[in-house]
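With the hints as your guide, set chain B onto chain A.
Protein chains: 2
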Amino acid sequence: MEMREKLAERTKAVEAVVEQYLPKEAGHQKTIFEAMNYSVRAGGKRLRPMLMQETYRLFGGTGAEIEPFMAAIEMIHTSSLVHDDLPCMDNDELRRGLPTTWVKFGYDMAVLAGDALMIYAFETAAKAFAMTAQTERVGQAVGVLAQKTGIYGMIGGQVVDVELTDKPIPEDKLEFIYRLKTGALLEASMMIGAILGGACAAEIAKVEEMAACIGLAFQIQDDILDVTGTAEQIGKPVLSDEKNHKTTYVTLHGVEQAHRDVEQVSQDAIACLRELPGENPFLEALIQMLVTREK
Amino acid sequence: MEMREKLAERTKAVEAVVEQYLPKEAGHQKTIFEAMNYSVRAGGKRLRPMLMQETYRLFGGTGAEIEPFMAAIEMIHTSSLVHDDLPCMDNDELRRGLPTTWVKFGYDMAVLAGDALMIYAFETAAKAFAMTAQTERVGQAVGVLAQKTGIYGMIGGQVVDVELTDKPIPEDKLEFIYRLKTGALLEASMMIGAILGGACAAEIAKVEEMAACIGLAFQIQDDILDVTGTAEQIGKPVLSDEKNHKTTYVTLHGVEQAHRDVEQVSQDAIACLRELPGENPFLEALIQMLVTREK
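Chains as they are written, first to last, in the numbering used here: chain A, 4 to 298; chain B, 4 to 298.
Next up, chain A with everything else stripped away, as it sits in the complex (with noise of 0.2 Å):
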């Protein structure tokens, strides 16, 4: 099977899990259900959940607790998406050719939809303690979801990225973007899929360095594409960056250097995965595809 067929049937059954532990659409509060459910409905490849099980593999992870944090995992990526795109942040109407969640269910309703699937986020997590008996690393894990999605992650980097919205953005705070707002959730699927496989402190620690260079890799890739990609090919119009006056990677070091980096990047993350114990050719093959990758 190629891997563009392996990918799309794992996207399958990572949705599958997901959508076990979405809340169900009724009761009086509904109208949350029904929001909540459909921003997530809307999401892409599932690729966070689907790195979180890959790492759960790779360390002979067989059991179901990993299922409640990958569906917690998705859903703390859709919260941030669905406030992101709030009139007070990027006031965004479309993802993926859809209304986005404020345009369909309302300007407040979105504001709560983005909490709710937040801190439903760390009730599907917690439905783990009663699905193993290794409760202690449930608990890390719970920690590891929280700071990687927190004010020293994903929310610290959000915060960076509003604050310089329209300004040109020095080096240090642009790796300091990319490390906490795309990076950050990375290192938490992978980390999480890490701990509940029964890793030790050590390969937690090396599974957080591939993630962290996976996911600069993958941000610095998309600044390439943005300047040499064709629209088809990255679902937007290109030299988009370029026209709102935005530093990229590229913007700060050139296409060529940014070439290189990604190369260099990609093959430390290649790196750290071989330094781990077990095998997983389809995470290997998934890294590959996520740093090289054309749109």
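These are calculated hints, taken from the structure and not from any lab test.
Identical copies look the same in the list; a pair holds intra-copy or inter-copy alike.
Derived DSS-like pairs: lysine-lysine, alpha-carbon spacing no greater than 25 Å straight-line:
1) K107 / K48
2) K27 / K176
3) K130 / K27
4) K249 / K33
5) K170 / K107
6) K209 / K130
Just chain B, lined up with the frame of chain A:
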């Protein structure tokens, strides 16, 4: 010492605990730390963490693992106020005489500050895993924190309240809103105190019932004070509910029935407390004060 003085003293002690867990205002994401801390520091009597700690003491708890949860419940309570005040929600510019978070830090930063407080509450609570050998209790407490805060708790009540703004509210929905929007966080506070204090399942259920009664009594009393209190007593214009054609317990049942019901529900709360093992005279006095308060 009079109850008023005792309360002031305990509020100060609880504030010192909460303060310990607030983020340091340093680093690239400084603005969000400032917005979070500004919002939390603008708070009132710290009743939720106080009720949590006193319930913990009722069950003989003496450890420090209650402290991160005390900070967490106050962060979540604050996050809901920050988002409630947003222009797309209640559009409030003042809270306790201070500019609300969105007025002070901007609309986008207030959305992010609410998000940040919500997630940081879980990051903070997760610190308790390293503070006690009773990790299962901590896991259960994290689960309760999420449940009572989320779509089947505080946010669920908020959603129904927002949907019924400027509309007549049927009796069952009003009770639903009161139970969830006001009651759920009190239930979380006291249940977490009981769980970490080592209460058994039946005791935790009794504590939940007690907290629900306190929440309902508190809320009915609020509606009564809007009709019978002076502006000075309640710190906002009297009859504001009536002027806004807002459905309240008093508009549905009349002020006399409301008085009788608050009395009954308060007695139920005290009866629950007396059925529990252990003694905590301050907790009993605190509950009495909450349900019979005149402001």
